[in-house]
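Once you have looked at the hints, place chain S with the ligands on chain X.
Read off the chains here:
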Amino acid sequence: MSLNIIVCAKQVMDPETPLSAFNVDEAAKRVVPAQGIPPVVNGFCENAVEAALKIKEAAGDATITVISVGNDFVMDVMKKPLSMGADQMILIQDPAAENLDALGTATVLSKAIEKTGEADIIICGQQASDWDNAHVPLGISEMLGVACLSEARSIDLGDGTVTVASSRSDGYEVFEAPLPCLITVNNEIGQPRYPTLRGIMQASRKTPETWTLNDLDLSESDVSPALTLSELFVPASDRECQIIEGEDEADSGRLLALKLREEKII
Amino acid sequence: MLDYYNVTELLSTEDRQIQNAARDYLDSEVLPGIKGWWESGEFPKHLVPDFGEMGFLGSNLPSEYGCPGVNNQSYGLIMYELERIDSGLRSFASVQSALVMYPIYRYGSEEQKKKYLPEMAKGNLIGCFGLTEHDGGSDPGAMKTNARKDGESYILNGTKMWITNGNIADVALVWAKDESDTVRGFLVPTDVPGFTANKIEHKMSMRASVTSELVLEDARVPASAILPESNGLSAPLSCLTQARYGIAWGALGALESVYEDALKFAKTRSTFGKPIASRQLVQDKLVDMVTDHTKGLLLAWRLGEMKDAGTMDYNHVSVAKRENVRAALKAARSAREVLGGSGITLDYGVIRHMLNLETVDTYEGTRDVHTLIIGRHITGENALV
Ligand SMILES: Cc1cc2nc3c(=O)[nH]c(=O)nc-3n(C[C@H](O)[C@H](O)[C@H](O)COP(=O)(O)OP(=O)(O)OC[C@H]3O[C@@H](n4cnc5c(N)ncnc54)[C@H](O)[C@@H]3O)c2cc1C
Ligand SMILES: Cc1cc2nc3c(=O)[nH]c(=O)nc-3n(C[C@H](O)[C@H](O)[C@H](O)COP(=O)(O)OP(=O)(O)OC[C@H]3O[C@@H](n4cnc5c(N)ncnc54)[C@H](O)[C@@H]3O)c2cc1C
Numbered sequence: 002m003s004l005n006i007i008v009c010a011k012q013v014m015d016p017e018t019p020l021s022a023f024n025v026d027e028a029a030k031r032v033v034p035a036q037g038i039p040p041v042v043n044g045f046c047e048n049a050v051e052a053a054l055k056i057k058e059a060a061g062d063a064t065i066t067v068i069s070v071g072n073d074f075v076m077d078v079m080k081k082p083l084s085m086g087a088d089q090m091i092l093i094q095d096p097a098a099e100n101l102d103a104l105g106t107a108t109v110l111s112k113a114i115e116k117t118g119e120a121d122i123i124i125c126g127q128q129a130s131d132w133d134n135a136h137v138p139l140g141i142s143e144m145l146g147v148a149c150l151s152e153a154r155s156i157d158l159g160d161g162t163v164t165v166a167s168s169r170s171d172g173y174e175v176f177e178a179p180l181p182c183l184i185t186v187n188n189e190i191g192q193p194r195y196p197t198l199r200g201i202m203q204a205s206r207k208t209p210e211t212w213t214l215n216d217l218d219l220s221e222s223d224v225s226p227a228l229t230l231s232e233l234f235v236p237a238s239d240r241e242c243q244i245i246e247g248e249d250e251a252d253s254g255r256l257l258a259l260k261l262r263e264e265k266i267i
Numbered sequence: 137m138l139d140y141y142n143v144t145e146l147l148s149t150e151d152r153q154i155q156n157a158a159r160d161y162l163d164s165e166v167l168p169g170i171k172g173w174w175e176s177g178e179f180p181k182h183l184v185p186d187f188g189e190m191g192f193l194g195s196n197l198p199s200e201y202g203c204p205g206v207n208n209q210s211y212g213l214i215m216y217e218l219e220r221i222d223s224g225l226r227s228f229a230s231v232q233s234a235l236v237m238y239p240i241y242r243y244g245s246e247e248q249k250k251k252y253l254p255e256m257a258k259g260n261l262i263g264c265f266g267l268t269e270h271d272g273g274s275d276p277g278a279m280k281t282n283a284r285k286d287g288e289s290y291i292l293n294g295t296k297m298w299i300t301n302g303n304i305a306d307v308a309l310v311w312a313k314d315e316s317d318t319v320r321g322f323l324v325p326t327d328v329p330g331f332t333a334n335k336i337e338h339k340m341s342m343r344a345s346v347t348s349e350l351v352l353e354d355a356r357v358p359a360s361a362i363l364p365e366s367n368g369l370s371a372p373l374s375c376l377t378q379a380r381y382g383i384a385w386g387a388l389g390a391l392e393s394v395y396e397d398a399l400k401f402a403k404t405r406s407t408f409g410k411p412i413a414s415r416q417l418v419q420d421k422l423v424d425m426v427t428d429h430t431k432g433l434l435l436a437w438r439l440g441e442m443k444d445a446g447t448m449d450y451n452h453v454s455v456a457k458r459e460n461v462r463a464a465l466k467a468a469r470s471a472r473e474v475l476g477g478s479g480i481t482l483d484y485g486v487i488r489h490m491l492n493l494e495t496v497d498t499y500e501g502t503r504d505v506h507t508l509i510i511g512r513h514i515t516g517e518n519a520l521v
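Here the protein sequences come in this chain order: X and S.
So the first sequence is residues 2 to 267, counted in my numbering.
So the second sequence is residues 137 to 521, counted in my numbering.
With the rest of the complex left out, here is chain X (with noise of 0.2 Å):
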């Protein structure tokens, strides 16, 4: 049996984007994206493409197709996924995607993953680095009426099920599930491969499918937010960096731990 997995992947800002070079345009209510730092692929979704390709290996026969949601998408990294070889991409570019909140996106995504017929499994990054909310993937798991797995740290297929090990504070717990699933994965589940030369030059012959929300027979108003965001602002920070110097490293140690203790710190 052909496997059809899903992975959904956002494109975010750098989370390694320096502090002097991340704005909010408090007005606006928005971040303004740095000038000259390219996007990247939400770390936690490259995980989720990497598990999708470890599921495919195990498999032997998997078709990887992965669905994004946005509106200003730069290709040289949203083709990544692609690159480190997934089969398929599909693109859903929208101008009403720009103010889309965790429900409305979840409504895309739900419905596109619809769309592209059977889905067996559904691996979703646990959580977006741009705002951490970890929601999306709970909402296309209730939409789509499916057992959700958080935060898998390994991913093993059975006959018409699949047997995950999600990660929790205090160590982890096995949960089995039927197919079809939605699982999210963190970086827990394996450092994504590095894109290679020849993968890069297979995804090169892979143009990446664009649907709008139309194509969805979505209105703008069937995802209009439900969350209204009243404030956005950059915290004042007042840090002050003190140097503890001692007579050697040794000592440097001593006196840090010491002042740790006497901060409360340790």
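These aren't lab readings, by the way, just hints derived from the structure by calculation.
Quick caveat, the model's predicted, so the values are computed rather than measured.
Note that CB positions come from ideal geometry on N, CA and C, so glycine has one too.
It cannot be assumed that every hint is accurate.
[Unchecked claim] With a cut-off of at most 27 Å between alpha-carbon atoms, the simulated DSSO-like pairs for lysine-lysine come out as follows:
1) S/K466 x S/K421
2) X/K55 x X/K207
3) S/K171 x S/K400
4) X/K55 x S/K258
5) X/K57 x X/K207
6) X/K207 x S/K258
7) S/K466 x S/K403
8) S/K400 x S/K431
9) X/K57 x S/K258
[As the list claims (entries may be wrong)] Over the 10 Å line for every Cβ pair with chain X, so calculated as not near, a few chain S residues:
10) R152
11) G273
12) I510
13) N518
[Stated by the list, open to error] Partial selection, computed: residues in chain S whose CB lies under 7 Å from chain X:
14) T149
15) E150
16) I154
17) A157
18) G191
19) V206
20) N207
Positioned in the frame of chain X, the structure of chain S with the ligands alone reads:
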């Protein structure tokens, strides 16, 4: 990439993706180890299969021989990224790709191509290129290494000097004169009796790269080891043209690295109560570095366009090799100066790059030799001989 004039905009999506992928991989997996390998004089041979997997070996050769088949801009960008880490890594990739795989592709038989290219692209086989001898590397036509036909074999005698990868190679492409005094290329398996590689020690440059002397004493190879289409000195020289193209890009990677170190240092270092970056003398150095990098990138990019279009000749390559390597060497010396005392330790990449670039300025044609090549071309007067 340091890119003051946004040359990146002139590249294709794939070129940019390839560069980003190479940079991500090298920064995470290779950069952390380079200082240690350089200091201990060790080539990180364990990385070779990874380089193969990434597609760094023979990247611009066609996919029918297991190579990635990228264009020459992408090939140049890979050299850039490798040399941004260390010239020794770029040297390894240059020799493997431009000096061994390219000649096999260009001058080899179908059988040789099928036998060597896919394995070399994977990094399962390592090659070296033996042209230079002890006397006057700038005059390779004066080589003494010779090949004597003996039945169905050739017997090789001679000594090659300064051969990158010599001690780690599985196959040595040895250039030798046959009985009619014609320079021919021989693919010599390094385990044949009569072949010895002696590692050159005490180098103060290219310490993360293996450099060797090759000794051939009645080394016998079958006639099938000859590259059938190689007839004359123009064959090895055409390989050098390929490698020099990569160096023109690579040197700019080293330039970026030393510039970034110098800039960071200058911004955080204070004397007389002010960051040294606020001093005109320091800014002058940083501006020269950025300007040279910008000019160099335009040269390299244009050369790549010409190479892809088939209009590049070796005189064009000489301009970019000569200019970009010297610019990088000058920048490295100047960055070393900006770093003051800190510039002499390996804690920064600057002195490592500076010492490596002394080699890059010399090998593949010294700066002066390139001056004379270009001079001959524009004046019609040969000052080289
Ligand atoms: C680390 C390293 C790796 C190398 N790897 C390889 C390799 O893999 N394969 C290989 O075959 N070779 C390799 N080489 C050799 C390299 O190509 C030679 O060192 C280079 O060609 C210069 O030759 P030479 O050292 O014999 O110097 P020479 O040719 O003796 O030159 C000495 C000086 O004389 C100048 N000079 C020479 N001729 C003239 C002239 N006609 N007019 C004016 N000035 C002149 C030169 O510019 C130079 O300044 C490597 C060298 C190094 C240092
Ligand atoms: C091997 C070695 C041995 C040494 N031995 C001794 C020793 O025995 N005793 C001792 O006391 N010291 C010693 N030194 C220290 C040496 O004197 C300093 O390295 C030197 O004074 C430079 O200082 P710095 O390294 O802090 O560089 P910095 O002073 O930080 O200078 C960095 C760069 O900024 C430039 N710069 C600084 N100020 C200005 C300005 N106002 N305008 C424009 N440019 C400026 C400098 O020219 C330099 O290029 C030694 C250093 C080395 C490397």
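Those earlier numbered hints the structure runs against, lowest number first:
10 and 20
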